[in-house]
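Between the sequences and the hints, there should be enough to build the whole structure, so can you do that?
Listed in order, the protein sequences are those of chains H and F.
Using the numbering used here, you'd call the opening residue of the first sequence number 1 and step up by one each time.
Using the numbering used here, you'd call the opening residue of the second sequence number 85 and step up by one each time.
The hints are simulated quantities; they were obtained by calculation from the structure and are not laboratory data.
Be careful, since some hints might not be right.
Heads up, simulated DSBU-like pairs for lysine-lysine below, C-alpha to C-alpha not over 35 Å straight-line [claimed, not checked]:
no.: 1; chain 1: F; residue 1: K133; chain 2: H; residue 2: K46
no.: 2; chain 1: H; residue 1: K64; chain 2: F; residue 2: K133
no.: 3; chain 1: F; residue 1: K89; chain 2: H; residue 2: K46
no.: 4; chain 1: H; residue 1: K5; chain 2: F; residue 2: K148
There are 2 protein chains.
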Amino acid sequence: MYFVKVYVTYKDSVLDPQGEAVKGAVHRLGYDEIEDVRIGKYFEIKVAKSDRPVEEMIEEVCDKLLANVNMETYRYEIMTSEEV
Amino acid sequence: MYFVKVYVTYKDSVLDPQGEAVKGAVHRLGYDEIEDVRIGKYFEIKVAKSDRPVEEMIEEVCDKLLANVNMETYRYEIMTSEEV
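Put into C-alpha cells, the structure is as follows:
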C-alpha cells in the first residue's frame with residue numbers, strides 16, 4: 001500500500017483570484033503582515049501495490065484528472081505504508 | 085519574511101463527497117489500484133516579520149477564515165525565507 005500526497009497549485013504566472021480574495025479578507029481582519037496568499041488543491045490518495053510503478057500511475061492521473069496542466073503545476077510525495 | 089504552508093482537510097469522520105467523485109472518475113479511467121481519495125485545500129502564505137509570533141497569527145487566521153473547525157482540521161509548516 002502506498003500513501004500519496006499530491007499538491008496542485010496555479011503556475012506562478014497565473015493570477016489566483018481565490019487567493020486574492022482570501023488576502024483581502026485577512027487584511028480586513030487586521031492581519032496586515034500577511035503579504036500574499038495562494039491557494040491550491042491537496043489530495044491524499046491510497047494506492048494498492050500493483051505491477052506498474054506508482055510514480056508513473058500518479059503522473060498519469062495528475063495529467064488527466066487532478067491538474068489542468070495549462071494553468072496548474074503539481075508535485076507529489078509517495079510514502080509506503082511503513083512510513084505513514 | 086516567513087513562508088507558511090497550510091493544509092486543510094476534512095476530519096476523518098466527515099464524508100468527503102468531492103474525493104468520492106474523484107475516486108469514481110479514476111476508477112472509470114481504469115486506475116483500479118487507487119483505493120481512496122480525499123481532497124483538501126492547500127495555502128501558501130507569505131508573512132512579513134512582526135512583533136507577534138507567526139504561529140499564533142497563523143492559528144488565528146486558520147480558525148477564523150481558512151478552516152471550518154467543525155468539519156475540518158488543519159496543519160501548517162513555517163519556513164523562514166532562508167529555508168525556502
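So, going through the hints one by one against the coordinates:
This hinted pair does not check out: F/K133 and H/K46 have alpha carbons roughly 38 Å apart, beyond 35 Å. A distance of roughly 40 Å separates the Cα atoms of H/K64 and F/K133; the hinted pair therefore is violated under the 35 Å criterion. In summary, the hint linking F/K89 to H/K46 is supported, as the alpha carbons are separated by about 22 Å, within the 35 Å threshold. Note on H/K5 and F/K148: the hinted pairing holds, with a Cα-Cα distance of about 26 Å set against a maximum of 35 Å.
In this structure, the hints that do not hold are numbers 1, 2, in rising order.
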